[in-house]
Every structure is written in structure tokens, then in C-alpha cells.
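Colleague: Residue numbers (full-length UniProt numbering), protein chains in the order written: chain A, 1 to 151; chain B, 1 to 151; chain C, 1 to 151.
Keep in mind that a hint or two might mislead.
Unchecked claim - DSS-like, lysine-lysine: derived pairs with alpha carbons at most 30 Å apart:
#: 1; chain 1: A; residue 1: Lys50; chain 2: B; residue 2: Lys28
#: 2; chain 1: C; residue 1: Lys84; chain 2: B; residue 2: Lys47
#: 3; chain 1: A; residue 1: Lys47; chain 2: B; residue 2: Lys28
#: 4; chain 1: C; residue 1: Lys5; chain 2: B; residue 2: Lys87
#: 5; chain 1: C; residue 1: Lys5; chain 2: B; residue 2: Lys28
#: 6; chain 1: C; residue 1: Lys84; chain 2: A; residue 2: Lys5
#: 7; chain 1: A; residue 1: Lys28; chain 2: A; residue 2: Lys5
#: 8; chain 1: C; residue 1: Lys28; chain 2: C; residue 2: Lys47
#: 9; chain 1: C; residue 1: Lys5; chain 2: C; residue 2: Lys47
#: 10; chain 1: A; residue 1: Lys5; chain 2: C; residue 2: Lys56
#: 11; chain 1: C; residue 1: Lys47; chain 2: A; residue 2: Lys84
#: 12; chain 1: C; residue 1: Lys50; chain 2: A; residue 2: Lys84
#: 13; chain 1: A; residue 1: Lys5; chain 2: C; residue 2: Lys5
#: 14; chain 1: A; residue 1: Lys47; chain 2: B; residue 2: Lys5
#: 15; chain 1: B; residue 1: Lys50; chain 2: A; residue 2: Lys50
#: 16; chain 1: C; residue 1: Lys87; chain 2: C; residue 2: Lys50
#: 17; chain 1: B; residue 1: Lys50; chain 2: A; residue 2: Lys47
#: 18; chain 1: B; residue 1: Lys5; chain 2: B; residue 2: Lys28
#: 19; chain 1: C; residue 1: Lys50; chain 2: B; residue 2: Lys50
#: 20; chain 1: C; residue 1: Lys47; chain 2: A; residue 2: Lys50
#: 21; chain 1: B; residue 1: Lys47; chain 2: C; residue 2: Lys28
#: 22; chain 1: B; residue 1: Lys28; chain 2: C; residue 2: Lys84
#: 23; chain 1: B; residue 1: Lys50; chain 2: C; residue 2: Lys56
#: 24; chain 1: B; residue 1: Lys5; chain 2: A; residue 2: Lys84
#: 25; chain 1: B; residue 1: Lys84; chain 2: C; residue 2: Lys5
#: 26; chain 1: B; residue 1: Lys5; chain 2: A; residue 2: Lys87
#: 27; chain 1: B; residue 1: Lys84; chain 2: A; residue 2: Lys56
#: 28; chain 1: A; residue 1: Lys28; chain 2: B; residue 2: Lys50
#: 29; chain 1: B; residue 1: Lys47; chain 2: C; residue 2: Lys50
#: 30; chain 1: C; residue 1: Lys84; chain 2: A; residue 2: Lys47
#: 31; chain 1: B; residue 1: Lys28; chain 2: B; residue 2: Lys87
#: 32; chain 1: A; residue 1: Lys5; chain 2: C; residue 2: Lys28
#: 33; chain 1: C; residue 1: Lys5; chain 2: C; residue 2: Lys56
#: 34; chain 1: C; residue 1: Lys28; chain 2: A; residue 2: Lys50
#: 35; chain 1: C; residue 1: Lys50; chain 2: C; residue 2: Lys84
#: 36; chain 1: A; residue 1: Lys28; chain 2: B; residue 2: Lys28
#: 37; chain 1: A; residue 1: Lys84; chain 2: A; residue 2: Lys28
#: 38; chain 1: B; residue 1: Lys5; chain 2: A; residue 2: Lys5
I should point out that these hints are in silico values taken from the structure, not numbers from a laboratory.
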Amino acid sequence: MEYAKGRIGRVFTVRIDHGDDLILELIKLAELERIESAVFTLIGALKEAKLVTGPKESVTPPELVWSGFDDVHEILGIGDIFLKDGKPEIHLHAGAGRGENVKLGCLRGESEVFMVVEAFIFELEGISARRTADREHGFAPVGFEQVPDLE
Amino acid sequence: MEYAKGRIGRVFTVRIDHGDDLILELIKLAELERIESAVFTLIGALKEAKLVTGPKESVTPPELVWSGFDDVHEILGIGDIFLKDGKPEIHLHAGAGRGENVKLGCLRGESEVFMVVEAFIFELEGISARRTADREHGFAPVGFEQVPDLE
Amino acid sequence: MEYAKGRIGRVFTVRIDHGDDLILELIKLAELERIESAVFTLIGALKEAKLVTGPKESVTPPELVWSGFDDVHEILGIGDIFLKDGKPEIHLHAGAGRGENVKLGCLRGESEVFMVVEAFIFELEGISARRTADREHGFAPVGFEQVPDLE
Numbered sequence: 001m002e003y004a005k006g007r008i009g010r011v012f013t014v015r016i017d018h019g020d021d022l023i024l025e026l027i028k029l030a031e032l033e034r035i036e037s038a039v040f041t042l043i044g045a046l047k048e049a050k051l052v053t054g055p056k057e058s059v060t061p062p063e064l065v066w067s068g069f070d071d072v073h074e075i076l077g078i079g080d081i082f083l084k085d086g087k088p089e090i091h092l093h094a095g096a097g098r099g100e101n102v103k104l105g106c107l108r109g110e111s112e113v114f115m116v117v118e119a120f121i122f123e124l125e126g127i128s129a130r131r132t133a134d135r136e137h138g139f140a141p142v143g144f145e146q147v148p149d150l151e
Numbered sequence: 001m002e003y004a005k006g007r008i009g010r011v012f013t014v015r016i017d018h019g020d021d022l023i024l025e026l027i028k029l030a031e032l033e034r035i036e037s038a039v040f041t042l043i044g045a046l047k048e049a050k051l052v053t054g055p056k057e058s059v060t061p062p063e064l065v066w067s068g069f070d071d072v073h074e075i076l077g078i079g080d081i082f083l084k085d086g087k088p089e090i091h092l093h094a095g096a097g098r099g100e101n102v103k104l105g106c107l108r109g110e111s112e113v114f115m116v117v118e119a120f121i122f123e124l125e126g127i128s129a130r131r132t133a134d135r136e137h138g139f140a141p142v143g144f145e146q147v148p149d150l151e
Numbered sequence: 001m002e003y004a005k006g007r008i009g010r011v012f013t014v015r016i017d018h019g020d021d022l023i024l025e026l027i028k029l030a031e032l033e034r035i036e037s038a039v040f041t042l043i044g045a046l047k048e049a050k051l052v053t054g055p056k057e058s059v060t061p062p063e064l065v066w067s068g069f070d071d072v073h074e075i076l077g078i079g080d081i082f083l084k085d086g087k088p089e090i091h092l093h094a095g096a097g098r099g100e101n102v103k104l105g106c107l108r109g110e111s112e113v114f115m116v117v118e119a120f121i122f123e124l125e126g127i128s129a130r131r132t133a134d135r136e137h138g139f140a141p142v143g144f145e146q147v148p149d150l151e
């Protein structure tokens, strides 16, 4: 475990509209407002999306399992924004339901908003956090500059 | 996309008790404390609830698909509170699990708390937001008074 | 319903690493930083975990139904931290997805992080909250010292 201690800074209440690409809009907002570290929640509906729903085997680097849908699902999501190579990167986990069917995973790439998604972005102030690629393990963990050692 | 920039104001830590109606209690609290804009998370259990789990077709106005349950499900939810016609309106998406069965959608109308639901309401300060009915599309999107144009 | 009104205090951005036990790490952090009341969200993946997914019957004290998994699932969770008998106790509801399979319930006991879990802990400031055992009903509801009466 590593962690950083900060405060909540600016809070963005966001309405993402019918037909928009969810992750692209979040990146656009992060760039415009120069958001470097944030956590967010969102609710709404998506007409289509792709989700990573686990690695095939329990090894790293993971071989990804992809799921997705192309009919409207209600969603709820929790995510974060950190810089990687100087650009905001979105990490978003979401559950998606339609009728009796539910999927849950890491929402990535293109998606299409149906009617509306409402997002609430809490900027993390007073911390210095960055994602750095770890090619051996196939991900880009977030790291902090000043981290107490808990071990 | 439209958005408003604010801060977190008051935070309400709420215990909703066995037998209570979840959404009614949230509205009662919003009215008592004059909460006009807020985002919240919650966890707990419900004995019964109704969920919108998607439109039948991918068109607006949507023809709603309803799901629900009448035995106890564990839940987690993300929601918001905004005024519509001067009264607080709750928009709440929740996942609900029981055994191997999971539902996820927009929780609406009557429900009954089992044992307890714990809710955390973050008031959004410094923004002016309202829901306004859009009858053509069959919903009431939130709008902001001072909104930068991102297009 | 009972509630307490406060503010957000310190915010902890936490990276919990491969192989760690999720709830143990959260408790370790709460003890180290003397966190008495907090709400948190998290996303990541777990290689194994156990979930309470409802009571067998809709009665209290509940006879618990247990689910779980021992292959990697993507997760999202919402939880809180309050003191019980002077020690931080974690209440965490999570959804977990792998392929087309989803579980949702109250994550308890041992679990094992796969690659990473990212958690965001919002300290609740200005409230006085404690969990107290209610043996008759089989749980430990949170209570507040200064609570307005809404009835």
C-alpha cells in the first residue's frame, strides 16, 4: 500500500449528453480545466460500451477478457483521473444493467451516451500523483511523490 | 456536455432504518436541510424495491423496462439531488444482489429498508443547478446557469 | 432516520497492491492515520473474496448467505469506516464482475488484491459517530451524538 493525503479541491458537476462518447468527454473536461488528480462517480445510461471483465488467467501481464453491449444499459460508475505522460487518463469501473442482465468491469474505449450521464468529479488537492507504465506487469499504477512507508 | 464548477459544502452522514422508505427519507432530509444540489453514495439492504432497467428500444422518449424484487437484497447506490419545480428530486442508480442474482438500474418509487441503509450526502456549493422537464425526450435533464461552452 | 452534519476533512488516495488483503490494509491505514469516521469508494480487481449476499429469510437477526470467488474479478465498491469498541470497522459493499458473471454484496473477511485496488477515503469531520452492537438484531448500527429528531 502507498497513499497520499490531501483535500478535495474543485468539484465539477457534469451533464454528458445523448450521443456523446463518455470517456472522451471526461478527458476533454480534464484537459480544459487542467485536472491532474481526481476521483469521480457517475450515473446514467449508455447505448453501447466495452468493458474489460477480468484476465483470462490469474497472471500478469493479464490477457484481457472483453465484454460489452450495444443496446441501452443503465449504469453506475466509479473512476479516477491521473496524469500519464502528461495527459489525463481515465480509469473507470462500471456496472451496467438491462432487464435481468448485469455486467461489471473496467469501461474502456468508445461508448455512446443514451439520454444522459451525470458525473461528479472531485479534484484531489495537495497530492502529487502520476501513472507510470509498468510493462512487465502490463499496467500503469499510480504513484505518489511523498509516501509514508507502512511496511 | 455542460458543467458547473463548485465545492463540497455540508456533508450528511445518514442512517436510514428498518422499514423506512429509502427515497422518501432522502427527500425528507433534503427538504428539512434545504439541500438544493448534492451527490450521494449509499450501502445497505432493501427488502423490496423497483428499478428501471433500460428502455425497451433505443429511442426517446423511452418506454421503460421495470424490474424489482421483494426479498432482501444487499445494495450499493450512487445518486444525486437537484430541484425540479422547486422541490428536491432524487436520481438514484443502484446495484442489488442476493445469492448469485444481481440487478442494476434506476431505483424509483417505493422501497423498504431492511435493517439499515447508510447514506453519505455531499452538498454541491457554489453552483446553480435545476432539473427542467423535456417532454419531447421524456426526462428532466439538469441544467446550470453559468456554463462554459465546450463545443 | 438519524443523521449528522459535517464536512469533508482529509482525503486519502490509496494504492493497495498485488497480493494485499483489502480490508486489512484499510484498517491498517485507518489506525495509522487515526481515521474515526469516513466514507470511501474503490475500484480494482480481487483474486479472491467473500461476500454476504443477503439473509436467508427476511428476519433479524439475519442468517447470512455467503457467496464468493477465487478467480480474478473486476470490482467497484462503496464503504465506510466508523469506530466500534474504539477500533476502526470497515463496512464495504462491492460489485464484482468476471466475463458475464456478476456478484454484489457485503465484502467481509479475507480477500486478495489482483494487480491493484485504488481507494479514495473521505474523512468525515465535525461529526461524532460510533457503531454499537445491537445483539437482538444481529448488527452494529452507527449512531450519532447530536442527532436532530425528524419524526
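Colleague: Has the given pair, lysine 47 of chain C with lysine 84 of chain A, been kept, meaning a C-alpha gap of at most 30 Å?
Modeller: Distance ~26 Å between lysine 47 of chain C and lysine 84 of chain A Cα, so the pair holds.
Colleague: For a C-alpha distance cap of 30 Å, please report whether lysine 5 of chain B and lysine 84 of chain A respect it.
Modeller: holds (24 Å)
Colleague: Verify the proposed pairing of lysine 50 of chain C with lysine 84 of chain C, using a straight-line Cα cut of 30 Å.
Modeller: This hinted pair holds, its Cα atoms lying about 22 Å apart.
Colleague: Can you confirm whether the C-alpha distance between lysine 28 of chain A and lysine 5 of chain A stays at or below 30 Å?
Modeller: holds (27 Å)
Colleague: Mind checking the alpha carbons of lysine 5 of chain B and lysine 87 of chain A for me, to see if they're no more than 30 Å apart?
Modeller: At roughly 21 Å apart (the allowed maximum being 30 Å), lysine 87 of chain A and lysine 5 of chain B satisfy the hint.
Colleague: Is it true that the CA of lysine 50 of chain B sits at most 30 Å from the CA of lysine 56 of chain C?
Modeller: With Cα atoms ~21 Å apart, lysine 50 of chain B and lysine 56 of chain C stay inside 30 Å; holds.
Colleague: For the pair we were handed, lysine 5 of chain C and lysine 87 of chain B, check the Cα-Cα distance against 30 Å.
Modeller: Since the Cα atoms of lysine 5 of chain C and lysine 87 of chain B sit roughly 21 Å apart, the hinted pair holds (cutoff 30 Å).
Colleague: Are the Cα atoms of lysine 5 of chain C and lysine 28 of chain B separated by 30 Å or less?
Modeller: holds (15 Å)
Colleague: Check whether the Cα positions of lysine 87 of chain C and lysine 50 of chain C lie no farther apart than 30 Å.
Modeller: holds (22 Å)
Colleague: Would you mind confirming whether the straight-line C-alpha gap from lysine 28 of chain A to lysine 28 of chain B stays at or under 30 Å?
Modeller: Cα-Cα ~37 Å, so violated.
Colleague: With the threshold set at 30 Å, check whether the alpha-carbon distance from lysine 28 of chain B to lysine 87 of chain B stays at or below it.
Modeller: Holds: lysine 28 of chain B and lysine 87 of chain B sit about 11 Å apart, inside 30 Å.
Colleague: When you check the alpha-carbon spacing of lysine 47 of chain B and lysine 28 of chain C, does it fall within 30 Å?
Modeller: Violated: lysine 47 of chain B and lysine 28 of chain C sit about 34 Å apart, past 30 Å.
Checked against the numbered hints listed earlier, the structure breaks hints 1, 3, 9, 10, 12, 21, 27, 28, 30, 33, 34 and 36; every other hint is satisfied.
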